[in-house]
Structure formats: C-alpha cells, structure tokens
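*Asks:* Chain A is already provided as a structure; the job is to place chain B on it using the hints.
As given, the protein sequences belong to chains A and B, one line each in that order.
Here the working numbering is used: the first residue of the first sequence is 175, the next is one more, and so on.
Here the working numbering is used: the first residue of the second sequence is 175, the next is one more, and so on.
Just so you know, same-sequence chains aren't split out, so a pair can sit in one copy or run between any two.
Here are the simulated lysine to aspartate or glutamate pairs, EDC-like style, with alpha carbons at most 20 angstroms apart:
| no. | residue 1 | residue 2 |
| --- | --- | --- |
| 1 | Lys-219 | Glu-368 |
| 2 | Lys-219 | Glu-352 |
| 3 | Lys-219 | Glu-354 |
| 4 | Lys-294 | Glu-352 |
By construction, these hints were calculated from the structure, which means they are not laboratory data.
Quick caveat: nothing in here was measured; it's all calculated off a predicted structure.
Protein chains: 2
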Amino acid sequence: MRRAPAGLSAEPPGPEVFDLAGFLATRTAAVNTALAGFLPRPAAKPATIHRSMHYSLFAGGKRMRPAVCLAAALACGGDEAEAMPLACAVECIHTYSLIHDDLPAMDNDDYRRGKLTNHKVFGEGVAVLAGDALLTQAFEIVAQASGWRRYGHRELVLELARASGSRQLIAGQVADLEGEGKAISAAQLKYIHERKTSALLECSVRLGGMSANCTPVQLAALTDFGYHVGLAFQIIDDILDVTQTSEQLGKTAGKDTAAQKATYPAIIGLDQSRRIAARLTSRAYAALTPFGARGAALRALAGYLLERQK
Amino acid sequence: MRRAPAGLSAEPPGPEVFDLAGFLATRTAAVNTALAGFLPRPAAKPATIHRSMHYSLFAGGKRMRPAVCLAAALACGGDEAEAMPLACAVECIHTYSLIHDDLPAMDNDDYRRGKLTNHKVFGEGVAVLAGDALLTQAFEIVAQASGWRRYGHRELVLELARASGSRQLIAGQVADLEGEGKAISAAQLKYIHERKTSALLECSVRLGGMSANCTPVQLAALTDFGYHVGLAFQIIDDILDVTQTSEQLGKTAGKDTAAQKATYPAIIGLDQSRRIAARLTSRAYAALTPFGARGAALRALAGYLLERQK
Chain A
175 MRRAPAGLSA EPPGPEVFDL AGFLATRTAA VNTALAGFLP RPAAKPATIH RSMHYSLFAG
235 GKRMRPAVCL AAALACGGDE AEAMPLACAV ECIHTYSLIH DDLPAMDNDD YRRGKLTNHK
295 VFGEGVAVLA GDALLTQAFE IVAQASGWRR YGHRELVLEL ARASGSRQLI AGQVADLEGE
355 GKAISAAQLK YIHERKTSAL LECSVRLGGM SANCTPVQLA ALTDFGYHVG LAFQIIDDIL
415 DVTQTSEQLG KTAGKDTAAQ KATYPAIIGL DQSRRIAARL TSRAYAALTP FGARGAALRA
475 LAGYLLERQK
Chain B
175 MRRAPAGLSA EPPGPEVFDL AGFLATRTAA VNTALAGFLP RPAAKPATIH RSMHYSLFAG
235 GKRMRPAVCL AAALACGGDE AEAMPLACAV ECIHTYSLIH DDLPAMDNDD YRRGKLTNHK
295 VFGEGVAVLA GDALLTQAFE IVAQASGWRR YGHRELVLEL ARASGSRQLI AGQVADLEGE
355 GKAISAAQLK YIHERKTSAL LECSVRLGGM SANCTPVQLA ALTDFGYHVG LAFQIIDDIL
415 DVTQTSEQLG KTAGKDTAAQ KATYPAIIGL DQSRRIAARL TSRAYAALTP FGARGAALRA
475 LAGYLLERQK
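Chain A with its partners taken away, still in its complex shape:
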C-alpha cells in the first residue's frame, strides 16, 4: 500500500496518493480565469467599483472554498466545469464578507493577505459598495450555472442566500462584533465560528455536490464534512493568530488579542484548541467514507487545512 505524501495530514488519507499541490495550483488558476470571465473588466465604467472588486478578489486568496466545492463535485462523480460557477459565487461571497469585516466600523484592519485592505486603498464608501457588488455578483453567477435535475436555480440560490444571510454568515459577524471586549462562553464562541466560517464552507461543498446531482445521502455526508472542516479551519485561524508573526500570516497577527476578541486559545487554551481542531478533522474524514477513492481531493484538503501555517 502506498503512503500519502509526508506532512499532508495527521491521519492516513487512504491508500491513494493525491497530488494536493498540483490540485490546488490548477484549480486556483482555473477559478481565477473563471472569476475574471464572470466579472466586468476592471476598466468597465464606473472603473472605481470594478477596480475595487478586482483588487480584493485577486488579492491572493487561497481559494479554499472554491477548491472544496470542486472537490465535492468530484467526490460525487460530477464534472468540475459544472461546479465552477458555484465555486466562483462562493468566493465572491467570501471576499465581500472580508471587505466589510475589515471596515473601520467592524474589525478595522489595515492589512489582509499582506496587502492594504480595500478601504485603505479605495476609501470606505467604495469599499462598502465593492462588498455590495460582489455579494450581488455572486447571485448573478449562480443564475448562470446550468441547473440540474435534482437541484434547479431555486435550490442553488436558496442554498447560497441562507448560508450568507442573517441567520448564518451575517449572524456570525454580528455576534462577533457584539462579543468584542466581553467575556463570552465557549458555547457562544462556537456559535460565532459555526456561522462565520462553517456555514459558507458547508455551503461550498453542498453546492459542489448539487452540481453533480448528488443523492440526499451524499448531500448529508457533504454537509457533515463541511461543518466539521469549517469549524476546524476557524479554530486554526484563532491558533495561528496567537502563534504566528504578522509576516508569517501576511496580515496583522495578535489582532484578536489586541481587540479583546474571544478565541478558542483564550477561552480553553492552546493545547485543548489544537486537540479540538484535530478531532473535528477526524470527524470530517469519517464523513468522507461513503465517497471511497473519489473523496481523495476532499480528504487531502481537510488534511491541508489542519496542517497549514498561515
């Protein structure tokens, strides 16, 4: 039996060798090309808004949500090209949420991915509008997907709107804002992380599965996977904020502590946080069992999210 490449994952990702670096490189390129095709060009009138949208969308994001979306399509025996519009839509939502979260009225961040945040370059007014435009663009892109037998445009739009809406993604940001400087419980922090991060990751894999006309059983397995990977991903973000320098992260380190934001390390300690992240990833691996060898890309991505250093 062949072994997985060293350092990819703490648990054996299965018998197959999966070239994760190759997968991520090719998919990032494909997603970038597709995104550029969906968006108006930067010079399209009014150029300010389109330059601002492009600035944040092409600021070096890891494209993890598109990657898990495409990998979920593969896990269900689907075609990545069918999932591509959905992968791009999710990335537009993610980018809009970062632009708005970075605003002075929210997290007040000057840097993101080693570059000035949108409002530092374009001003607050345009940054608000660029976020609005990317959010709107996401739904325009979903409308351009094929639509499938089990999942038509109604289901796709509902899926994205609910994950991004006032009970999920936005609820997480509101609870995060309200929790600043307050002593919050581990349960409350879990509520925030589930919404700020799990919701959209879960949505990404579900949309990928839908593009492959997945069965209800497959959709439930993807939901389980997305939820656990998403929560692990956010806990690792908390851990990295404590343990890494700004240079390593490409963004201001220690921001959570400075802003007196509750984090897993602050509430339950670093070691316990690491153990929870590892356990969540194990749960995510387990959710992939029904997909067999086709789940290789999702399995490798889960390993990567646990091992990442930035």
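*Replies:* Frame of chain A; chain B shown alone:
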C-alpha cells in the same frame, strides 16, 4: 366619458376612474404583511441584526417599487399574489441601498423618512450588516417565488442581480459619490439618475410582468415605462430637495445643495427640470397604450409620482 380624479395627473389617465389611494393603501398593507412573513422575526437570534433590518424596512417607505411591480402584473393580466415575492424582494434591495447610502462614508444622513437613519440607531457596523442582510434576503425571497413558464428562477435572479449590480444601482451610487463637489454635465447626471433610480424601478415593473408570464412585447413596453417613470421620479426628488422644507420631506432638505451634489435644478434650472419630468411621464403613459384598461394602476401610479409633494 368619465374624467380621472382631479389632481392625479397632468394628462388624462384614460377613461377609467382608478382609486389610487385605495390601491396604495391595500397594497402597502399586503406588502408589509408579506415582508414580515419573509423576514426572520425581530427577536430571532441575533436580535440586533433582525431588529435593525425591521427598523429600516418598516420605517414608513412608500412601497412605490412593490406597487409598480404588482400593478405591472395586473397590466399583463396576471395575479398579484404571484408577483408579491418579487415586489418584496425589490423593496429589500431598495431599503438596503438606502441604509448603505446614508452611512457616514457615503451621504452621511442622520434622518430618513422623519426617523433616525439605521446607523444612528444601531451603529455603523450593524448598519452595514443590516444592508448586507437585506440584499441577501432579497435573493432568498426571489428563490421562493413560483417561477413561471417563460421566466424561471434563473431569469428572475439575473434580472434582480443585474439591476442591483455594479453596472446599474451600485454604479449610480459610485458615480454619485465621485461627482460630489465637482462640476458634472447634464449627461453625467442622467447616467447617475438612470442607475440610482430608473434601474430598480424598471426591474420592478419587469419582474411584475414576468410573474404574469408576459410576452416579449409586453416586457419591452414595461421596460420603456419603468425607465421613464424612474428617471422622472429622481428628477422630482431633486426638485423637492430644493423646493420643500425638511418637515415637508420627512428628511433633511437642501442636502443636495449642502453636499454640493449635482441636481437637475442646479444644472438646468427648476422650470426646465419640471418640464423634463413632465415629458418623461408622458413617455411613460405612452408606453402603457398596449395594456389598455388593464394599465390603469400603472397609469395612476405614474401620475402620482409626478404630482407628489414629498
């Protein structure tokens, strides 16, 4: 031949007598009930965001966009109940755009419809998120519409996303922001007004027609109507800002002048602005000819928009 009620319109609205006050009263009530049904309750967790969404959505808006949407369904022989989700979606978009436009980074308005603006009550962070949530909610509501033979959810979502996106509604706000304090031409101002106001009004009547499975010819007529009414509506807004007091308007009067914003009266004078608004309304009336008596509600609404004092 019976005459239209006095004061409704500068041009004869056709042989029928149309009870516009009754139409607006019943439809506003119906739209409010439907909106309350689509949105999470104000107490839904996290209550801050839902209270904030309700605050602006139920702040006494005139529901003109829902009204023209429902009236367009009637003009095409359709059922208003079918158009209701689309009418509500458009109102969510309109309200989100007002919340974001009022922010300190944009127009910096303290009052809207005689009440404190969203950010004055809930703070800037929550106001940004309430706008985001209403924008997202609009698409969730569209997904819950029936979908019709000629116009499925793909067409409905595309319609709303394009009218609200970076080439239309948001383009108008960007151009408006960039034009502040500058000498802009009448052509540039028309560009702004077409996007800030006409785009969503045009979209409202088109969606109403779509809910009635309108023919391509009917859709073209509705587009023509919506464009001209929308542009007239915005020019009248400019005129009222100059001629009315804050008390009459229920919002800060003279803001455009104070902000050195270009307006039709400032660029081409008050009388010429009034003549243009009247001419645009005539064009809107003409677009309704194909609908005959069924166009009565749209015709009355156009008259109302020209005669309004606030």
